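Between the sequences and the hints, there should be enough to build the whole structure, so can you do that?
Whatever position you read off the sequence shown (first residue = 1), add 3 for this note's numbering.
These are calculated hints, taken from the structure and not from any lab test.
All values derive from a computational prediction rather than experimental measurement.
Incorrect hints may have been included.
As a list, the in silico DMTMM-like pairs of lysine to aspartate or glutamate whose alpha-carbon atoms are at most 20 angstroms apart [said to hold, decoys possible]:
| hint | residue 1 | residue 2 |
| --- | --- | --- |
| 1 | K93 | D507 |
| 2 | K505 | D115 |
| 3 | K505 | E206 |
| 4 | K505 | E281 |
| 5 | K93 | E293 |
| 6 | K93 | D115 |
| 7 | K505 | D410 |
| 8 | K93 | E206 |
| 9 | K93 | E233 |
| 10 | K505 | D232 |
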Amino acid sequence: MPIDATGTLYTWVRDSAAAHPDQPALEVAGHQLGYAELIDLADRLATRLVDAVGRPPHAVGLLAARSLAAYAGYLAALRCGATVVPLNPKFPAARNQSMCRLSGVDAVIFDDTGAAQAGAVLAGTAMAPVPLTGVWHAQLPTAPWDGPVTADPDAVAYTLFTSGSTGIPKGVPIRHRNVGPYLRHCVERYGVGPGSRLSQAFELTFDPSVFDMFVAWSAGAALVVPQADEVLNPARFVVRERISHWYSVPSVVSLARRLRALPPGCMPGLRWSLFAGEQLSLAQARTWAEAAPASTIENIYGPTELTITCVGYRLPADPGAWPRTSNGTVPIGAVYPHLEGILLDEHGVATDDGELCVRGPQRFDGYVDPADDTGRFVSYAAGGRATDTAPGPDSWYRTGDRVRVEDGALVHLGRLDDQIKISGYRVELGEIESALRRHPGVADLVVLAVPGAAGTVELHAVHTGEEVPHTEFAGLLADLPEYMRPQWFHHRDALPTNLNGKTDRRRLTAELLEPAAAAG
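Okay, here's the thing in structure tokens:
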């Protein structure tokens with residue numbers, strides 16, 4: 004069914020329910036709902052939301068995870084025309100409350116998991132509590148909310164928060180009209196429709212979760228939600244639940260491989276495998292390809308500000324035809340055809356190795372706090388020089404990522420803010436990582452800049468896989484200048500990950516600093 008360009012996330016799901024009322028829509032925590040049942044549940048929950056606030060809410064905080072309440076609550080908020088603000092029960096309560104305050108939340112839905120901190124999140128605020136605990140679905144109003152179905156594509160569908168350099172989270176509002184072109188692209192590209200079964204490995208505070216939910220629900224497919232521990236054994240989940248489309252961060256591959264849970268051929272029925280959120284190494288892709296031999300693998304990339312992903316690369320079916328890249332990662336490929344992308348050097352001039360900037364219908368209109376827009380948008384015309392500007396219809400968003408064209412495809416080289424200075428020289432940590440990853444015994448590896456004595460900076464390399472003698476690493480670094488060679492090498496069974504499943508560099512840096520602090 005085509006996605007109406009003038010619709011919203013809710014109307015696209017409603018249209019699927021009208022076309023496929025009996026098709027499975029959601030399977031989570033022992034609940035299995037068809038489309039007609041899911042829409043009915045969301046519409047009746049909308050009645051409760053409106054009753055709790057005394058009017059249709061402006062924005063709804065969703066303090067829930069991997070539960071029926073989380074997904075019904077998401078749709079109920081959209082039914083009321085509200086902005087959804089996903090919260091995370093694992094976040095500190097003060098951070099969740101700050102996210103609510105910044106986005107104007109006037110009601111907070113919480114499930115059994117979120118109930119533990121709901122009081123702290125709501126304390127001292129006028130936000131209405133909407134508890135969905137126990138057998139809440141049996142206690143809803145029997146009548147669906149009969150208010151008008153708002154279908155304003157310019158309205159904000161959801162607001163997600165990213166880390167801010169000032170310590171205050173940065174709110175990223177995404178409008179329905181930003182999501183529509185993305186969904187149309189993905190539904191067609193990945194052949195999603197009735198009978199497809201999509202995983203949901205992401206937390207709702209991480210924007211790829213929107214792909215899982217609404218690519219499925221706008222096309223009549225089923226969303227199948229693993230519990231957190233099931234994500235660590237993807238093969239078991241994929242086979243048991245007959246998953247057709249798997250989507251996760253690449254770290255899941257490394258964790259499953261370490262647990263010996265990805266033997267060759269273990270996922271014969273998987274059709275599509277998508278990875279995003281961090282660099283996908285060719286070694287990780289090879290492990291997954293052997294485990295799911297009939298699956299097409301895509302590496303996709305995009306910041307929250309550009310609506311989930313905006314660049315993609317499909318690996319050839321024949322591993323012998325896979326590319327070789329300068330840093331051992333799978334290319335991110337090409338900017339989506341309905342968007343425009345350009346690489347700019349530090350002087351704002353077009354280049355083949357620079358910061359990726361993107362514009363088009365998926366680009367957001369600016370942060371919740373306009374002060375955060377400073378330095379994030381540029382004006383650029385072909386052959387000219389980019390200049391900073393305010394967010395406008397033709398401005399480009401600066402991703403902050405360094406990207407290079409290699410053999411006609413874009414390769415992600417790392418964050419520009421990972422660039423450091425040592426002895427006055429600019430150093431890209433990604434360049435050091437790519438040299439060390441060439442060792443066949445390395446599974447995953449990161450290089451970190453750690454404060455040393457007397458204000459110096461020390462480079463630490465941390466790797467998983469085999470325990471590699473330092474002398475073997477030294478041979479791989481022979482072509483790098485002395486100041487780019489790590490002073491310390493550490494072996495770990497696994498690299499720590501954050502709540503989104505990405506490698507947690509901050510936590511790893513803190514762990515490396517602990518022995519020095521204890522010694523001091």
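Hints, verified against the model:
1. Between the alpha carbons of K93 and D507 the distance comes to roughly 15 angstroms, so the proposed pair stays at or under 20 angstroms and holds.
2. At most 20 angstroms may separate the alpha-carbon atoms for a hinted pair to count; K505 and D115 exceed this at roughly 26 angstroms.
3. For the proposed pair K505 and E206, the alpha carbon gap of about 12 angstroms is at most 20 angstroms, so the pair holds.
4. Distance hint between K505 and E281 is fulfilled; the C-alpha atoms sit about 7 angstroms from each other, no more than 20 angstroms.
5. For the hint pairing K93 with E293, the CA-to-CA distance comes to about 34 angstroms; that exceeds 20 angstroms, so the pair is violated.
6. Restraint check: the Cα-Cα separation between K93 and D115 comes to about 13 angstroms, which is no more than 20 angstroms; the hinted pair holds.
7. With a C-alpha separation of about 28 angstroms, the suggested pairing of K505 with D410 is violated against the 20 angstroms cut-off.
8. Between K93 and E206 the alpha-carbon distance is near 10 angstroms, which keeps this suggested pair within the 20 angstroms criterion.
9. Our distance criterion of 20 angstroms between C-alpha atoms is met by K93 and E233, whose separation comes to about 17 angstroms.
10. Of the supplied pair hints, the one linking K505 and D232 holds, its CA atoms being roughly 16 angstroms apart against a limit of 20 angstroms.
In terms of the numbered hints stated before, the structure departs from hints 2, 5 and 7, listed from lowest to highest.
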